[in-house]
Structure formats: C-alpha cells, structure tokens
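Q: Spelled out, the chains give:
There are 2 protein chains.
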Amino acid sequence: MKNVAVIGYGVVGSGTVELFEKNRESINQKVGRDCDIKYIVDLRDFPGDPFEDRMVKDFNVVLEDSEIEVVAEVIGGIEPAFTFTKKALESGKSVVTSNKALVAAKGAELLKIAHEHNVNYLFEASVGGGIPIIRPINKCLAGNTIEQISGILNGTTNFILTKMIREQMDFDAALKMAQELGYAEADPTADVEGEDACRKICILGSLAYGKHIYPEDVHCSGITRITLDDVAYAENAGYAIKLIGSVKAVEDGKVTAIVCPRLVSKSNLLATVDGVYNAISVTGDGVGDVLFYGQGAGKLPTASAVVGDIIDCLKHPDRSIMISWEDNTDKSYVVKYKTVENAMYVRIQADNADQLKPAISEMFGKLTYIERAGRPDNELAFITPTMVENVIDEKLAELSHSAEIKSKIRLL
Amino acid sequence: MKNVAVIGYGVVGSGTVELFEKNRESINQKVGRDCDIKYIVDLRDFPGDPFEDRMVKDFNVVLEDSEIEVVAEVIGGIEPAFTFTKKALESGKSVVTSNKALVAAKGAELLKIAHEHNVNYLFEASVGGGIPIIRPINKCLAGNTIEQISGILNGTTNFILTKMIREQMDFDAALKMAQELGYAEADPTADVEGEDACRKICILGSLAYGKHIYPEDVHCSGITRITLDDVAYAENAGYAIKLIGSVKAVEDGKVTAIVCPRLVSKSNLLATVDGVYNAISVTGDGVGDVLFYGQGAGKLPTASAVVGDIIDCLKHPDRSIMISWEDNTDKSYVVKYKTVENAMYVRIQADNADQLKPAISEMFGKLTYIERAGRPDNELAFITPTMVENVIDEKLAELSHSAEIKSKIRLL
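Chains as they are written, first to last, in our numbering: chain A, 1 to 412; chain B, 1 to 412.
For the record, the hints were derived by calculation from the structure and aren't laboratory data. Accuracy of the hints is not assured; some may be wrong.
As the list claims (entries may be wrong) - Calculated lysine to any residue pairs in the SDA-like style (CA-CA distance at most 25 angstroms, straight line):
{"no.": "1", "chain 1": "B", "residue 1": "K112", "chain 2": "A", "residue 2": "H316"}
{"no.": "2", "chain 1": "A", "residue 1": "K315", "chain 2": "B", "residue 2": "K266"}
{"no.": "3", "chain 1": "B", "residue 1": "K315", "chain 2": "A", "residue 2": "N118"}
{"no.": "4", "chain 1": "B", "residue 1": "K30", "chain 2": "A", "residue 2": "V255"}
{"no.": "5", "chain 1": "B", "residue 1": "K266", "chain 2": "A", "residue 2": "R166"}
{"no.": "6", "chain 1": "B", "residue 1": "K106", "chain 2": "A", "residue 2": "Q29"}
{"no.": "7", "chain 1": "B", "residue 1": "K315", "chain 2": "A", "residue 2": "K299"}
{"no.": "8", "chain 1": "B", "residue 1": "K22", "chain 2": "A", "residue 2": "M177"}
{"no.": "9", "chain 1": "B", "residue 1": "K86", "chain 2": "B", "residue 2": "E326"}
{"no.": "10", "chain 1": "A", "residue 1": "K315", "chain 2": "B", "residue 2": "A108"}
{"no.": "11", "chain 1": "B", "residue 1": "K299", "chain 2": "A", "residue 2": "Q148"}
{"no.": "12", "chain 1": "A", "residue 1": "K106", "chain 2": "A", "residue 2": "V255"}
{"no.": "13", "chain 1": "B", "residue 1": "K266", "chain 2": "A", "residue 2": "Q168"}
{"no.": "14", "chain 1": "A", "residue 1": "K299", "chain 2": "B", "residue 2": "K30"}
{"no.": "15", "chain 1": "A", "residue 1": "K30", "chain 2": "B", "residue 2": "E147"}
{"no.": "16", "chain 1": "A", "residue 1": "K163", "chain 2": "B", "residue 2": "N268"}
Here chain A stands alone, though its shape is the one from the complex:
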C-alpha cells in the first residue's frame, strides 16, 4: 500500500524519503505489511529527482486520498504546517514531525485533536534530531518522577563553543566557520540566541511534567556575549561553557525552565560533548541519571527519527498511542528564573581589581576566585555561592558602583 505522504522536500524531507526507500524492505517486515511513500508535497519543482513522479503541489491531494495513513510534516515553522497538521489529524491520518517550533507552540492542541480522532501525533525528531529521547522519557522512564532534564540541544552553538574552547577561536570567527560548513544559517539568530534550544526544552518539559510549557514563559539567553576570557577562566577552574536548556520540578507542582550558557564541570559528561553533537541528561527518582547522545541535527539523523515515527504509526493503524500533555494557561506554572538558586561565574573590571576582594568576599560570603593566564590587574573573576538569582543581582548592583560587571554565567 502506498500509505505515506511527506510534506516538505527540504533537507529533512529528502532525507526521510531517502532513508525510507533505502530500508523499505526491512521497514515493511517490521510493520508486517507492504507500505510506501505515495506523495511528496512541495511547492517547488525538482526536475530529474528520482522521486519526481510522486511530487504534488497541492496538500489537498493527500487529504482526500483515503489510502494515506501517515503524513510526515517536515516543513518547519508554524504556518502552513499547523493548518496541514490539523486537517490531516481531523481527517483521520496520523502525523509525524520534526517541527519543534510547531510542537512547542501548539503541541497540547494537536495532541488533543489526534486523540479525538484516534490517530497519532508523534515528534521524536523535534528534539535531538535522531537521538531517541521522546519515547524513552514517555515510555521507558514512565515509572519515574522526573527530577530534571538538562541538555545540549543545539548543535550549531555547541560547534561554536567547541571551537572557542578547543581552538581559542572567538565567537565571530567560529560563527563564520559554522556558516561556511553549513551548520549555521545566514541568519543565525534562532540558534545563537537560544530560541531553538528553548523550543526543545519546552517540548521535553511538557512531556515530562504533563503540562504545556510555552517558549514565551522560558527565559532564554544565547552565547553571543561569551568571550575567550570567559572560556579561559572556566577552563582553568575545571569547567566547559555550554549552552544548556534545562527544566526541573520545584514545589507546588511548578517547574523552572531556562536556556542559557552554563559552566559545566568537566566531571559531567555534558562537558565532553563536542562539535555538532547533542546530549540530554535526564534524572528520575528510580533510574538516577541517564544520558542520551548523538547527532542532534542533519539530514539522515533527523530522518531516522521521522521514519521511526512513521513505522510506529503504521504499526498502530487504529490506535492513538498515549503521548499527551494538558494545555496550560497558568502563567505562574514556570516560576520566574530570578527566584531560582544558582551559583554564578562573574567577571568584573576595575582599576586594581584585586583590592576589591575584601569587599566582594564580605558581600557574597564564601566564594571562589578563579584565574586565567595573563589576567590583567584590572580584571577579576569569581564564582558565587549558590544563591537566589535576585540576591546575586542585588549584590552585583552594589558592586557595580566600584566595578564594571563584564560577564555573568550560571553554573550547571
């Protein structure tokens, strides 16, 4: 049966078709019946493409074809993906996707529609590319209360930070290299400002805690202001700087969620994750810490997850697999990040900075000064004790009368 349609023939879409066709024989064995891709929907022409005969421009062809059971939406972005997805689910077709923007914005709503129509909305590819993470959290770790999830969720920024750490390349040079290698887009904002990672941690938090976490409720800061000086101080003190998305259960059924650069101790496996690789650490009350590692983006790795979801839908043709979370209108569900405790790396500039040490030590109590080779007289760096961030800010405001606060990076 030709029962699959792929919507969007870009990088992930073409990878999905390629991988499905390559492994079709074993896929059909796993599904237990003959399945294939019938349509590839894209507004563009692909003359000479080996699958040209399956190309259509009108999504309605898919909608109106009752043979189609599964639609792989790999367009990205909110529209027209949202409308297509909704219509497909409402017409009794399962939808699988790599579209993190859409899942983060509309996941609860689309999951509800899927259940109402006894079909599936699956999105293993939306977080961590090919790394299995949605099913493991939803199924394998279902017996746990999830204590926290934190991860390197964006390969572009991890590539840039790796170049800064390993080769002392500055941010602009590393970004340029990432763009030349095709790891970063011409407009790199969504990656370097942490927006992409934010969508992913929202999806993981929604899944783990059962309530939709919206990106606009999550504080997000990127890596554009990290300097090689910060990298050097971190390195010297046994840390690597990584862009980390994290979500954690706190009191009263609420959560904290934040995306920001962090100093990660080198004894933590996350600190050893280099280049475009992603890794996600999950802590459960039964399992302890588990970590998932792999290529978080790219044509075939992402296609791997899309095709895995297609197979799962084809294996459950008349059944809604219970992935679900509630919608959430409570703006206090994600607690304000300034009320959360963190230890903080701080770098300041002041004339004869060392003379400020007694005042700083009195301000923060027990803190740790850290060094870098060639630290100038007018610079000082330290790591605060773990304190509520508002309190750290108050103290730094006081310190700013006698010094310029150059960097503030949270510890993991």
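Following the hints, complete the assembly by docking chain B onto the known chain A.
A: Frame of chain A; chain B shown alone:
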C-alpha cells in the same frame, strides 16, 4: 484494579514494588485507570515488610487470578522463571522481566508464545538496567539498518577496570573492593568472565538483526588476566581498557558478536564511562552514532525499567506490541571470531626484547610500538595493524619461539 503481580522479592523485586507504590498516582494517570500490585510471590517470609499482606508463596494463585494482567518476573535464572513465564503468557497475562539469562536463552520462544496469546513479553530491564535501550532500538531506530552495537554492559567489571586505571589497584584488590561494596557477588565468575555481558549483547543483537543469537555461539573472554602493565601501556598510548560486548552485521546476512576486553581510544565516549555505569553505542545508517548512558544495575534503576514495561503493558491490555525476532538454528549465523579483523595490542617478554623489533616489524608490517614508564629490558608492547585474527595468531605463534606472549587485547 489490582492487576499486577511481582514474582521474586529480591533486590529488583523489592525495588519494583517500592517504585511502583511511590509513583502509583502518576502511573495510574499515565495508564488511564486505577492499577496496583496485588501479589508478591516469593518462597521466603518477609515478616514486618510493609507489603506483607500481598505476599503469596504459590505462583498458581497468580495464574488462576483473572484480574492479574501483568506479571513482573524478577527471579533471574532459567528455572523456575521459564516455566512461570510460559504459563503466565499462555494464560493471557503479559510478562515483563529483568532476567537477561532467560531472555538470552529463550527469548525467541517466549516472544512467539506472547504473540500467539496476544500479550506482551517485555524486557527493557534485561540490558543496561534502567538505561532505555530496548525500545530505542526497536522503535526509535526502526528506520535504520543497524551497523553495529557496542557497549560497556557490566557495571561490576567496569568498576574494577576503573579502579585499575584510575588508582593503579590490581585486579584482585579491585575485585575485593567491588565485593565489599556489594557491586560484585561472592562468586564473581558471571561478571568477570564476561558471561553477563554476553547475555546482554545477545539480546541486543537478536533485537537489532531479527534472529536469535545464543550465548554459546558468542566468544567471551573476561578481565581476569589484565595486568596493571597492560593498563599502563594502554594509558600511555591514549586508550582505556574496557570490557566491551559488540555485535555487527557482516556479509551474507550474518553477524559477528564477541565479548572481550578492548583498548578504547580516549576520543571515544565509551572510554570516559567510569565506575558502575554502563553505556551502549549504536550505529545506524541514518542516525549515525548514538550513545545511551546510565546506571546499568542496582535496585531502583533496574526497577525503573521494569515499572516502565509494566505501564506499557497496562496501556495495551489487548494488544501484542510487535517486539520480535526469529529463532535461529544456523550455527554459522554468528561467524567465527577468529575470521574477523581486529587490530591487537600485544605484550611480550624476551631477553633484550628490543632486539626482536626488526623481526616483529617484518612479521606484521606497519605496527606501533608503545611504551610505559619503567618498561624493563625484557618487555615489549605493540599494536598490530588491523588483520584477520587467525593471521595475527599465526604470526604470534611464530613469535612465541623467541618470546613469551604475555597479553593480547583487541582494539575497539
């Protein structure tokens, strides 16, 4: 409904009951109905145990109770576990297990029985303790052709090797410490000789390649003969010695599978996995390399996987989830390990060993001599090129006329 029974109240059994009861409210939400543990079957008495009222000694009580939907078999070993499992499946109850010995010996048979009775036989806990690995391979990576799986599958041996590498403790002292800490049993044979890891790689290989791989067809060597000298040479050359179970597709639809110590390059994440932790690397033609890491044993981590499987069965009360592989009677399916290519670390002893270098170099072609601090005159260590193991053996047999072969360890 009291629809779950736990068979065996040892470490994993008591952890399963503890975790299930602790998270019962959220488990019931996930299942979508009220579920609980009705029976705990064990021949022993547990006076004063908080769940004493659920204890029964006779497994038939479970079998004959139609309310029981899921049986968690956490006895371990082949019998009576096999008989209990078979009877439970035949009477229409799903079975979940942490019993790697049973799955490795009888997996194909029990999966067949489960399908015939439209129930499930799930075993996420049988490999890697709480680490999600069975479902990820079976579902998330289903779109891939699996190229290889290799992993640190036994926490006891990894603890011992870590002590040898990090603290220069010798094997006997490290084993004694592992026993004192409860990581190794009084009779450590199954761990240190690699048998436990062997069962696990058989399960992963059966799942990934669709045909049962029996432990007796897999060459298995343990870590008892590794010396601190070997550790030092490896360290010096940029490797860590790890006990690795691996399975790989080769030509003609056959596989190679082996458990043995290996020199693992420190650039490989597996080399950084220390202590009782496990990690499993999977390579697929779509996803590339992914790695799964966590606690591979222990009461609650293993219970985490058992409870996850219980939940999955409770969510699919009238459905056999299609995990399956064929039985296999072809003794040539796992190719002879001596016909497989490896690079090999070799340590020899001979008077004035350095004088043998020209002869050895001629024998092997381009090889690498490696050093350790304080290498005595009568010792030499080298890494061979990648060659069929039979050929390496022939050359070493020749070399053994002029030197004693003290160690042979494959590279990963």
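Q: Now tell me, hint by hint, if it's right for this structure.
A: Comparing the hints with the structure gives:
1. With a CA separation close to 19 angstroms, the supplied pair B:K112 and A:H316 stays within the 25 angstroms bound.
2. Distance hint between A:K315 and B:K266 is unfulfilled; the C-alpha atoms sit about 41 angstroms from each other, more than 25 angstroms.
3. Between the alpha carbons of B:K315 and A:N118 the distance comes to roughly 15 angstroms, so the proposed pair stays at or under 25 angstroms and holds.
4. A C-alpha spacing of about 19 angstroms is found between B:K30 and A:V255, which places the hinted pair at or below 25 angstroms, so the restraint holds.
5. A threshold of 25 angstroms between alpha carbons decides the hint, and for B:K266 with A:R166 the separation of about 16 angstroms falls inside it, so the pair holds.
6. Among the hinted pairs, B:K106 with A:Q29 is consistent with the structure: their alpha-carbon atoms are about 22 angstroms apart, no more than 25 angstroms.
7. Proposed proximity of B:K315 and A:K299 is contradicted: the alpha carbons are some 33 angstroms apart, above 25 angstroms.
8. A hinted pair counts as satisfied when its Cα atoms are at most 25 angstroms apart, and B:K22 with A:M177 does not qualify at roughly 50 angstroms.
9. Between B:K86 and B:E326, the direct Cα distance comes to roughly 17 angstroms. Compliance with the 25 angstroms bound is thereby established for this hinted pair.
10. For the given pair, A:K315 sits about 20 angstroms from B:A108 by alpha-carbon distance, which is consistent with the 25 angstroms threshold.
11. At roughly 20 angstroms between alpha-carbon atoms, B:K299 and A:Q148 fall within 25 angstroms of each other, so this suggested pair holds.
12. Proximity of A:K106 to A:V255 is assessed by CA-CA distance (about 19 angstroms); at most 25 angstroms being required, the pair is judged to hold.
13. Annotation: proposed proximity of B:K266 to A:Q168 holds, straight-line Cα distance about 22 angstroms (limit 25 angstroms).
14. For a cut-off of 25 angstroms, the pair hint linking A:K299 to B:K30 is broken: about 33 angstroms separates their Cα positions.
15. For the suggested pair A:K30 and B:E147, the alpha carbons sit about 17 angstroms apart, so the restraint of at most 25 angstroms is met.
16. Restraint check for A:K163 and B:N268: the C-alpha separation of about 19 angstroms stays at or below 25 angstroms, so the hint holds.
In terms of the numbered hints stated before, the structure departs from hints 2, 7, 8 and 14, listed from lowest to highest.
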